[in-house]
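J.: Below are the chains, spelled out letter by letter.
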Amino acid sequence: MKTHDTDHDLRKIEGALQAVLTPIRPPREMLVRLNSRVRDLVATEPARSAGLAPENLTMLSLAGAFTLLMTLAVGFRMAGSIVGVLTLLNQLNRQMKARKSGSLAPTG
Amino acid sequence: MLNGSPNGPTPALSDKEALVLASKGDPEAFGVLYERYAARIYTYIFYRTGSGTDAEDLTARVFMRALRHIPKYQDRGVPFTAWLYRIAHNLVANWHRDGARRPETPLDEALFQHSTGQGPEHALLQNERNEALLRLVRRLPPDRQQLLILKFVENYSNAEIGRVMGRTEGAVKSLYHRTLLALRDLAGKGFF
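Chains as they are written, first to last, in our numbering: chain C, 252 to 359; chain V, 182 to 373.
In case anyone wonders, no lab produced these hints; they're calculated from the structure. Keep in mind that the hints are not guaranteed to be accurate.
Unchecked claim - Here are the simulated DMTMM-like pairs of lysine to aspartate or glutamate, each with C-alpha atoms no more than 25 Å apart in a straight line: (1) K253/V <-> D207/V; (2) K263/C <-> E341/V; (3) K370/V <-> D291/C; (4) K253/V <-> E198/V; (5) K197/V <-> E216/V; (6) K253/V <-> E341/V; (7) K197/V <-> E312/V; (8) K370/V <-> D260/C; (9) K370/V <-> E312/V; (10) K205/V <-> D256/V; (11) K197/V <-> E209/V; (12) K253/V <-> D196/V; (13) K205/V <-> E280/C; (14) K205/V <-> E216/V; (15) K354/V <-> D291/C; (16) K354/V <-> E341/V; (17) K263/C <-> E350/V; (18) K354/V <-> D260/C; (19) K370/V <-> D256/C; (20) K370/V <-> E302/V; (21) K354/V <-> E335/V; (22) K370/V <-> E265/C; (23) K263/C <-> E312/V; (24) K263/C <-> D324/V; (25) K253/V <-> E280/C; (26) K354/V <-> D366/V; (27) K197/V <-> D207/V; (28) K263/C <-> E309/V; (29) K370/V <-> E350/V; (30) K253/V <-> E216/V; (31) K354/V <-> D324/V; (32) K197/V <-> E309/V; (33) K354/V <-> D258/C; (34) K263/C <-> E237/V; (35) K197/V <-> D256/V; (36) K370/V <-> E309/V; (37) K263/C <-> E198/V; (38) K205/V <-> D291/C; (39) K263/C <-> E302/V; (40) K253/V <-> E209/V.
Use the sequences and the hints to build the structure in full.
T.: Okay, here's the thing in structure tokens:
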């Protein structure tokens, strides 16, 4: 009896759901708006997938600028070090020459 | 409507043919798929969210996501619609998560214009009942809502629902039965 009642209940629920869950015909204006939105997306998608969308370009520019700055900073440091070593070598060379010519007395 | 040449051969394409072309970047082929399924995806989202505006927005996003991922689409014997429904299902889940406290929006009255010929008062009562039932449906877990929409709106068989949801036919049948029982419990006595 209980199973029979349950089956009866479930059939009623199914009937109610069938009456409510029906296909909707979306409003025409909405479809027009939606079409235009998706059309725009389709139009911009090739550029977007190639990483060339405007927002990506901005990000790429920022990333590029940062890399350039870092490269320059490292470059300047390296250049500074090289100049320092060359100056030291030059000084040593001049001292050696001066010692050889006797203009500079050996220390110690 | 997306494809600019209504006289062209693309509208006659099968889903598979359109998919192959769309995955190679053919916008007209994608347009064919869009035209074929936009209203169905909108309907699905509309029932899941109860809001026409959000359904419109999310439908656009479903197709945007589909367009982005279509080059990677692999035909594993699952219909294209199953793929779209999965995208829609995930986006609706995100939508619910993002607005956990979003107030419930009443469904558009246009949805319930099934006239019974029994006068406006009866129609009003029927509409209220329908809305109440839909609110109950939306209180069910997402997979159960999906099942009901696919079953009643799309008239999908249990096997087809299984392909969309990644479950066996038997599992869908069992979930359906449990869903009806859950609805009965949620509604309480005298609702149905």
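J.: All the hints need checking, so say for each whether the structure fits it.
T.: Now for the hints, and whether the structure bears them out:
1. In summary, the hint linking K253/V to D207/V is supported, as the alpha carbons are separated by about 14 Å, within the 25 Å threshold.
2. With a CA separation close to 24 Å, the supplied pair K263/C and E341/V stays within the 25 Å bound.
3. Proximity of K370/V to D291/C is assessed by CA-CA distance (about 50 Å); at most 25 Å being required, the pair is judged violated.
4. With a CA separation close to 15 Å, the supplied pair K253/V and E198/V stays within the 25 Å bound.
5. Distance check on the hinted pair: K197/V and E216/V sit about 15 Å apart at the alpha-carbon level, within 25 Å; holds.
6. Restraint check: the Cα-Cα separation between K253/V and E341/V comes to about 23 Å, which is no more than 25 Å; the hinted pair holds.
7. Only pairs whose Cα atoms come within 25 Å are accepted, and K197/V paired with E312/V is rejected, the gap being roughly 38 Å.
8. In summary, the hint linking K370/V to D260/C is supported, as the alpha carbons are separated by about 10 Å, within the 25 Å threshold.
9. Proposed proximity of K370/V and E312/V is supported: the alpha carbons are some 17 Å apart, at most 25 Å.
10. Proximity of K205/V to D256/V is assessed by CA-CA distance (about 14 Å); at most 25 Å being required, the pair is judged to hold.
11. Between K197/V and E209/V, the direct Cα distance comes to roughly 14 Å. Compliance with the 25 Å bound is thereby established for this hinted pair.
12. For the hint pairing K253/V with D196/V, the CA-to-CA distance comes to about 16 Å; that is within 25 Å, so the pair holds.
13. Proximity of K205/V to E280/C is assessed by CA-CA distance (about 31 Å); at most 25 Å being required, the pair is judged violated.
14. For the hint linking K205/V to E216/V, the alpha-carbon distance of about 19 Å falls within 25 Å, and the restraint holds.
15. As the CA atoms of K354/V and D291/C are separated by approximately 41 Å, the hinted pair breaks the 25 Å bound.
16. For the hint linking K354/V to E341/V, the alpha-carbon distance of about 11 Å falls within 25 Å, and the restraint holds.
17. The straight-line distance between the Cα atoms of K263/C and E350/V is roughly 23 Å, inside the 25 Å bound, and the hint therefore holds.
18. At roughly 17 Å between alpha-carbon atoms, K354/V and D260/C fall within 25 Å of each other, so this suggested pair holds.
19. Note on K370/V and D256/C: the hinted pairing holds, with a Cα-Cα distance of about 13 Å set against a maximum of 25 Å.
20. Taking the CA atoms of K370/V and E302/V, the gap is about 23 Å. The hint holds against a cut of 25 Å.
21. Proximity of K354/V to E335/V is assessed by CA-CA distance (about 16 Å); at most 25 Å being required, the pair is judged to hold.
22. For the suggested pair K370/V and E265/C, the alpha carbons sit about 16 Å apart, so the restraint of at most 25 Å is met.
23. Note on K263/C and E312/V: the hinted pairing holds, with a Cα-Cα distance of about 17 Å set against a maximum of 25 Å.
24. At most 25 Å may separate the alpha-carbon atoms for a hinted pair to count; K263/C and D324/V meet this at roughly 22 Å.
25. The suggested pairing of K253/V with E280/C is violated, with an alpha-carbon distance near 32 Å, which exceeds 25 Å.
26. About 19 Å separates the Cα atoms of K354/V and D366/V, which keeps this hinted pair within 25 Å; it holds.
27. Distance hint between K197/V and D207/V is fulfilled; the C-alpha atoms sit about 13 Å from each other, no more than 25 Å.
28. Between the alpha carbons of K263/C and E309/V the distance comes to roughly 18 Å, so the proposed pair stays at or under 25 Å and holds.
29. Between K370/V and E350/V the alpha-carbon distance is near 31 Å, which puts this suggested pair outside the 25 Å criterion.
30. Of the supplied pair hints, the one linking K253/V and E216/V holds, its CA atoms being roughly 21 Å apart against a limit of 25 Å.
31. At roughly 13 Å between alpha-carbon atoms, K354/V and D324/V fall within 25 Å of each other, so this suggested pair holds.
32. With a C-alpha separation of about 42 Å, the suggested pairing of K197/V with E309/V is violated against the 25 Å cut-off.
33. As the CA atoms of K354/V and D258/C are separated by approximately 15 Å, the hinted pair is consistent with the 25 Å bound.
34. Between K263/C and E237/V the CA atoms are separated by roughly 32 Å; this puts the pair beyond 25 Å, and the hint is violated.
35. The hinted pair formed by K197/V and D256/V meets the criterion: a straight-line CA distance of about 9 Å does not exceed 25 Å.
36. Among the hinted pairs, K370/V with E309/V is consistent with the structure: their alpha-carbon atoms are about 17 Å apart, no more than 25 Å.
37. Proposed proximity of K263/C and E198/V is contradicted: the alpha carbons are some 42 Å apart, above 25 Å.
38. At roughly 19 Å between alpha-carbon atoms, K205/V and D291/C fall within 25 Å of each other, so this suggested pair holds.
39. Restraint check for K263/C and E302/V: the C-alpha separation of about 23 Å stays at or below 25 Å, so the hint holds.
40. For a cut-off of 25 Å, the pair hint linking K253/V to E209/V stands: about 18 Å separates their Cα positions.
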